[in-house]
Every structure is written in C-alpha cells, then in structure tokens.
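Colleague: One-letter residues, chain by chain:
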Amino acid sequence: MTFADERVVDLLNTKFVLAWDNHGTVRGGDGARQPVFTKEELALYPEGAGGANVRTFICKPDGSVVHAVEGWYSADRYLEELHFGVELLDAKELVERHAEHARHHRDAQKKIEREEPGEMAKEFVNSAARRRHAALGLQASMHELAKAWLGKEIAAVIKQVRLEAEASGEID
Amino acid sequence: MTLLLCLLLCVQDDKSAKLIEALGGDDLEARESAEVELVKLGRPGLPAVRKALAAAQGESKSRLERVVAAITEPRWMTDVARAKERAAAEKKPLFVFATIGEVGGFA
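Protein chains in written order, with numbering that gives the first Met the number 0: chain A, 0 to 171; chain B, 0 to 106.
It is possible that part of the hints are untrue.
[Unchecked claim] Capping the alpha-carbon separation at 27 Å, the derived lysine-lysine pairs in DSSO-like fashion look like this:
#1 A:Lys59 <-> B:Lys90
#2 B:Lys90 <-> A:Lys91
#3 A:Lys158 <-> B:Lys90
#4 A:Lys59 <-> B:Lys39
#5 A:Lys14 <-> A:Lys59
#6 A:Lys110 <-> A:Lys158
#7 A:Lys59 <-> A:Lys121
#8 A:Lys151 <-> B:Lys60
#9 B:Lys39 <-> B:Lys17
#10 B:Lys17 <-> A:Lys146
#11 B:Lys91 <-> A:Lys59
#12 B:Lys17 <-> A:Lys59
#13 B:Lys60 <-> A:Lys146
#14 A:Lys59 <-> A:Lys151
#15 A:Lys110 <-> B:Lys60
#16 B:Lys39 <-> A:Lys151
#17 A:Lys110 <-> A:Lys121
#18 A:Lys121 <-> B:Lys50
#19 A:Lys59 <-> A:Lys110
#20 B:Lys91 <-> A:Lys158
#21 A:Lys14 <-> A:Lys146
#22 B:Lys60 <-> B:Lys50
#23 A:Lys121 <-> A:Lys14
#24 A:Lys121 <-> B:Lys60
#25 A:Lys91 <-> B:Lys60
#26 B:Lys39 <-> B:Lys14
#27 A:Lys110 <-> A:Lys14
Everything labelled a hint here was simulated from the structure, so no lab data went into it. None of the values given here were measured: they were computed from a predicted structure.
Model the full structure from these sequences, guided by the hints.
Modeller: Shown next, in the form of structure tokens:
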C-alpha cells in the first residue's frame, strides 16, 4: 500500500523525477507476469519481503545512487528511508552516513533486547516489540547492503540488477 | 486564525471553480492550461475536481480524471534513461523503483 499513501505520493511527485524499471517477467508459467496484488493482499505483505525483487534507488540529478532500499515496507518506515535519502543528496560522506544509520538501528534493537527481554521470547504475531526489533534489523541490513550501490550510476546499477535476476533464474 | 483559514479555503475553492470552468471552455489552449494549473493546485483542489468529475462528460471528464491521477498517483516514467535525462535537465533527484513486475503491481 506504500504508493497509495498520500504522504509518500506527495513527496515523490514534488521532490523527484520518478522511474519504474520492470526488469523482466517471472520465469515459468508461459511468460506469466508478476501478479497484481489487491489492497487486501498488500496489507498482508510482510515488511522487508520481496528482497532483491523490490528495490528502490534514490539518486542525485546526475543519476548517481545515494540510497538503496531493498524489499517492501510500510508507508511510515518507507517515508523514514525516503527522508534519509533526501538528506543524503547533499551529503559528502555517504558510506559513513549509512554506517551511522545502520549502527543507530542496531543500537535500537539492542535497547529493545535489554528493556523488553520477555517480548523477545514471544512469537512475532503476539509482540509489537518483536516485530519492531525485526524491522530495525531489516533496516540496519539495508544500510549495510546499500554500500554496494553508493555513487554508482543508475543505468549501470539497473544493468547489474537485471544480470543478477537472470543469473538467479528469476527472470527469462 | 480560523477566519484566515476560511478565507484561504474560499480563495482556493474559487480558483478551483474557475479552472474547472476553463477546462470545459471553447479555447483549447485555456483548457490545456487549466488542466496543468489544477494539477499544480494539488490536493487542496481535489474535492472540487472530484465533485465536477461526477457530473462531467467527454473531454472534460478525461481531463478531470487525468488531474485526479496526476495528484493522487506517482507520475512514473518507464524509461530510466529518459527519466535520468529529465532529472538532469530539471536538476531534480531521481527515484527509481526496480521490480520484477508491472507498474501498478505493487501500488
């Protein structure tokens, strides 16, 4: 539901030039396309899911990447990352800023572990703290993984993404 | 403060109403321009646009539908190279959503 959220849409439409790159049809199923999810299905889609199949790149006007987000997130968390990406457009120390953000998320995870040990033993479905802990872990990993793309030119990045998808057998 | 807000909303409504009227006028250039201006007006103009849409027909209806879509949906380009050129020309940052799937499949 992220692109149905008006805060997300307004930020995207006012701040950015937007491009959607569909890098292929899903292998198998006689060239079947990725299914179009209903609102109800998307509401059940877990945060961080989709992994490398769903990537967001925020780039400077010259096309160099400053932030890369992997997976699917709730509108609130996605907005956090978009605002962080906007901050990075004028930042010089991209790697350091991402490392700092990853540390911030890891520290927040540790705080939950320290302060709510009982929650950590619960199932995800029964604990908001456990879900927040997992989401923070995903966000930290995202900032650690983003390093691979930083400063690269978007056309080259898209080419690499397509090659990876082909190599993994996900697309024809 | 409340009075000021009311005045602002009235001015906004008046502007929306004039643009919607121009959208259905005889002058093609004025119709084109009104569509662009309604999109620029953004969400504050949406209630009036939606109200007009309910009664609109033909070209006016198509234009109003485009206005609603331009305000409420991301304005995707599907050619990354062209989007990059546009970003450079407009000096705006570029947002690229890369998926295995069609535009709209994740929206």
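Colleague: Now look at each hint and say whether the structure bears it out.
Modeller: Here is what the structure says about each hint:
Taken as a hint, the Lys59 of chain A and Lys90 of chain B pair is honoured in the structure, with Cα atoms around 9 Å apart against an allowance of 27 Å. A hinted pair counts as satisfied when its Cα atoms are at most 27 Å apart, and Lys90 of chain B with Lys91 of chain A qualifies at roughly 18 Å. For a cut-off of 27 Å, the pair hint linking Lys158 of chain A to Lys90 of chain B stands: about 24 Å separates their Cα positions. A distance of roughly 24 Å separates the Cα atoms of Lys59 of chain A and Lys39 of chain B; the hinted pair therefore holds under the 27 Å criterion.
Straight-line distance between C-alpha atoms of Lys14 of chain A and Lys59 of chain A comes to about 11 Å, which keeps the hinted pair within the 27 Å bound. Between Lys110 of chain A and Lys158 of chain A the CA atoms are separated by roughly 40 Å; this puts the pair beyond 27 Å, and the hint is violated. Note on Lys59 of chain A and Lys121 of chain A: the hinted pairing is violated, with a Cα-Cα distance of about 42 Å set against a maximum of 27 Å. Restraint check for Lys151 of chain A and Lys60 of chain B: not satisfied, since their Cα atoms lie roughly 44 Å apart, outside the 27 Å limit.
Restraint check for Lys39 of chain B and Lys17 of chain B: the C-alpha separation of about 14 Å stays at or below 27 Å, so the hint holds. With a C-alpha separation of about 51 Å, the suggested pair Lys17 of chain B and Lys146 of chain A falls outside the 27 Å cut-off, and the hint is violated. Taking the CA atoms of Lys91 of chain B and Lys59 of chain A, the gap is near 7 Å; set against the 27 Å cutoff, the hint holds. For the suggested pair Lys17 of chain B and Lys59 of chain A, the alpha carbons sit about 38 Å apart, so the restraint of at most 27 Å is broken.
Restraint check for Lys60 of chain B and Lys146 of chain A: not satisfied, since their Cα atoms lie roughly 47 Å apart, outside the 27 Å limit. About 11 Å separates the Cα atoms of Lys59 of chain A and Lys151 of chain A, which keeps this hinted pair within 27 Å; it holds. With a CA separation close to 55 Å, the supplied pair Lys110 of chain A and Lys60 of chain B exceeds the 27 Å bound. Restraint check for Lys39 of chain B and Lys151 of chain A: the C-alpha separation of about 33 Å exceeds 27 Å, so the hint is violated.
As the CA atoms of Lys110 of chain A and Lys121 of chain A are separated by approximately 17 Å, the hinted pair is consistent with the 27 Å bound. Taken as a hint, the Lys121 of chain A and Lys50 of chain B pair is broken in the structure, with Cα atoms around 50 Å apart against an allowance of 27 Å. In summary, the hint linking Lys59 of chain A to Lys110 of chain A is not supported, as the alpha carbons are separated by about 34 Å, beyond the 27 Å threshold. A distance of roughly 22 Å separates the Cα atoms of Lys91 of chain B and Lys158 of chain A; the hinted pair therefore holds under the 27 Å criterion.
For the suggested pair Lys14 of chain A and Lys146 of chain A, the alpha carbons sit about 23 Å apart, so the restraint of at most 27 Å is met. Among the hinted pairs, Lys60 of chain B with Lys50 of chain B is consistent with the structure: their alpha-carbon atoms are about 11 Å apart, no more than 27 Å. Between Lys121 of chain A and Lys14 of chain A, the direct Cα distance comes to roughly 41 Å. Violation of the 27 Å bound is thereby established for this hinted pair. A C-alpha spacing of about 54 Å is found between Lys121 of chain A and Lys60 of chain B, which places the hinted pair above 27 Å, so the restraint is violated.
Note on Lys91 of chain A and Lys60 of chain B: the hinted pairing is violated, with a Cα-Cα distance of about 48 Å set against a maximum of 27 Å. Between the alpha carbons of Lys39 of chain B and Lys14 of chain B the distance comes to roughly 12 Å, so the proposed pair stays at or under 27 Å and holds. Our distance criterion of 27 Å between C-alpha atoms is broken by Lys110 of chain A and Lys14 of chain A, whose separation comes to about 34 Å.
Consistency with the previously given hints fails for numbers 6, 7, 8, 10, 12, 13, 15, 16, 18, 19, 23, 24, 25, 27, ordered from lowest to highest.
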